[in-house]
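Protein sequences, first through last, are from chains A and B. Heads up: the first sequence begins at 60 in my numbering, then just goes up one per residue. Heads up: the second sequence begins at 60 in my numbering, then just goes up one per residue.
Derived from the structure by calculation, the hints contain no laboratory data. Keep in mind it's a predicted model, so treat the numbers as computed, not measured. Careful, some of the hints might be misleading.
[To be verified] 30 Å max Cα-Cα, derived BS3-like pairs, lysine-lysine: (1) B:Lys-87 x B:Lys-97; (2) B:Lys-231 x B:Lys-87; (3) A:Lys-97 x A:Lys-87; (4) A:Lys-87 x B:Lys-97; (5) B:Lys-87 x A:Lys-97; (6) B:Lys-87 x A:Lys-87; (7) A:Lys-231 x A:Lys-87.
[What the hints assert, rightly or not] So the derived label-pair ranges between C-beta atoms look like this: (8) A:Thr-105 x B:Ala-134: 51 to 57 Å; (9) B:Ala-224 x A:Asp-188: 19 to 25 Å; (10) B:Gly-112 x A:Ser-196: 54 to 60 Å; (11) B:Gly-112 x A:Thr-180: 36 to 42 Å; (12) B:Ala-122 x A:Asp-72: 42 to 48 Å; (13) A:Arg-248 x B:Arg-136: 23 to 29 Å; (14) B:Arg-73 x A:Arg-248: 47 to 53 Å; (15) B:Pro-230 x A:Glu-94: 37 to 43 Å; (16) A:Gln-175 x B:Gln-175: 29 to 35 Å; (17) A:Ala-82 x B:Glu-225: 26 to 32 Å; (18) A:Asp-72 x B:Ala-82: 39 to 45 Å; (19) A:Asp-72 x B:Ala-130: 48 to 54 Å.
Every residue gets a Cβ at the ideal spot worked out from N, C-alpha and C, and that includes glycine.
Spelled out, the chains give:
There are 2 protein chains.
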Amino acid sequence: MSHMVYTRLMAVDRDHVLRSAAALLTRKSTATMDEVAKAAGISRATLHRQFAGRDALVRALEALGIAECEAALEAARPEEGPAADAVRRLVAEFEPHAPLLAFLYTENQLFEGEEQNEGWTRIDERIADLFRRGQASGEFRIDLTPAWLTEALYGLLASAAWAVAEGRVAPKDFTHMTVELLLGGARRRNDTSPR
Amino acid sequence: MSHMVYTRLMAVDRDHVLRSAAALLTRKSTATMDEVAKAAGISRATLHRQFAGRDALVRALEALGIAECEAALEAARPEEGPAADAVRRLVAEFEPHAPLLAFLYTENQLFEGEEQNEGWTRIDERIADLFRRGQASGEFRIDLTPAWLTEALYGLLASAAWAVAEGRVAPKDFTHMTVELLLGGARRRNDTSPR
DNA sequence: CCAGCGTGAGACATGAATGTCTCACATGGT
DNA sequence: ACCATGTGAGACATTCATGTCTCACGCTGG
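Could you build the full structure based on these sequences and the hints that come with them?
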């Protein structure tokens, strides 16, 4: 059956193309279809066969980002244990996908008129729920809204991804810097809470 | 002397155009020169007379952003008093310029090959110095590098600007949300430090 | 061995944004 | 009233990314 083989090969290629595109577009968000193709090691024609156009490519990247975020959320088990630990797990799970998220985060500003993909709304909601849970349990302060904490999480992930990309932060410090600032802030703590 | 009048008028118009462009490009970073012109209430021809091209416009916006940041730094007196208070003043001074900064922050990712304007380096350094001072005085924790705290400040300002623009955060909460997260983090504090 | 299929390379048309230019109009100063 | 200057409107050529198409090559399976 050549059909099975066809499908499987296409899936592999498609994934590889998407990841190359994500890596490139994160660095240069205005990259040409031709550049994207070259970055993926294929011709513009083939790229265009798999993704009808630039728009379709970005949509596919968005879908990939949503899927990865949902997988990360699944793996982080945000409902389990202390909320602070859940946030740590979440950031750790998000870290590998931070460059793609950084790209999508800024690209989304560009979807102006249209309503954003409902996938993001679900993800936002789950993250906000985590912060809400932490507030309800008394772990987190209540003067910062869950929506803002969610937004700040995205912003810090993007900032960290760029800072790492430009060599201003060591890659190994990514998770620590992000999660500690998000949870603890810059001020020195007087208490001796663990970790 | 018509020459004096000419110069003064141009300066006023130029400033107005820049601010309109900043407002528009913050929302839609791919806006056309024609859209920019319409947003400023002038024709494309006049816009093109004041700024040689799109590139020159962005450069001018960058210069404006740098000037405003330096003015904000000046007004915030980052070397005076407790570092935490200085950070509060700094964020408060930055707030009005946050949309423009958000635009430039993402646009800078796009200056790929070229070295960034030295103005930013100076500003970065002054902000990093503030965090360094806070660490030296024992106010701030030392496991987060000044470079990262500076980067995070930009990221949070941009996130807050977008969150406000999309109605996810109330405008009046901008400063509080940003500065509190940056300084104090999400975790509830056990100590009773002021404010 | 050959038939089918995906691919790369390139030609080509299209559309959009840009940069340049001209001309008519209004305003402001002399 | 006259002249100069800045402006708006629009025509125009140019550039560039895009989308579409064709064709030859190489592989793989029958």
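Can the restraint linking B:Lys-87 and A:Lys-87 be considered satisfied, given a maximum Cα separation of 30 Å? holds (17 Å)
Between B:Ala-224 and A:Asp-188, is the Cβ distance one that fits in 19 to 25 Å? holds (24 Å)
Pairwise beta carbon distance, B:Ala-122 to A:Asp-72, judged against the given window 42 to 48 Å: holds (45 Å)
Has the hinted range 47 to 53 Å been met by the Cβ atoms of B:Arg-73 and A:Arg-248? holds (48 Å)
Just tell me: holds or violated, for the beta carbon distance of A:Asp-72 and B:Ala-82 against 39 to 45 Å? Given a distance of about 43 Å, which is inside 39 to 45 Å, the answer is holds.
Would you check the hint for B:Lys-231 and B:Lys-87, treating anything up to 30 Å between C-alpha atoms as holding? Since the Cα atoms of B:Lys-231 and B:Lys-87 sit roughly 23 Å apart, the hinted pair holds (cutoff 30 Å).
Can you let me know if the beta-carbon spacing of A:Ala-82 and B:Glu-225 is within 26 to 32 Å? This hint holds: roughly 28 Å between Cβ atoms.
A:Gln-175 paired with B:Gln-175, Cβ distance criterion 29 to 35 Å: Given about 31 Å between the Cβ atoms, the range holds.
A:Asp-72 and B:Ala-130, beta-carbon distance inside 48 to 54 Å? holds (52 Å)
Quick check on a hinted range of 51 to 57 Å for A:Thr-105 and B:Ala-134, using CB atoms only. holds (55 Å)
For the pair B:Gly-112 and A:Ser-196, does the Cβ-Cβ distance stay inside 54 to 60 Å? holds (55 Å)
What's the verdict on B:Lys-87 and B:Lys-97, does the C-alpha distance respect the 30 Å limit or exceed it? Between B:Lys-87 and B:Lys-97 the Cα gap is close to 14 Å, so the pair holds against 30 Å.
Taken one by one, the earlier hints all hold for this structure without exception.
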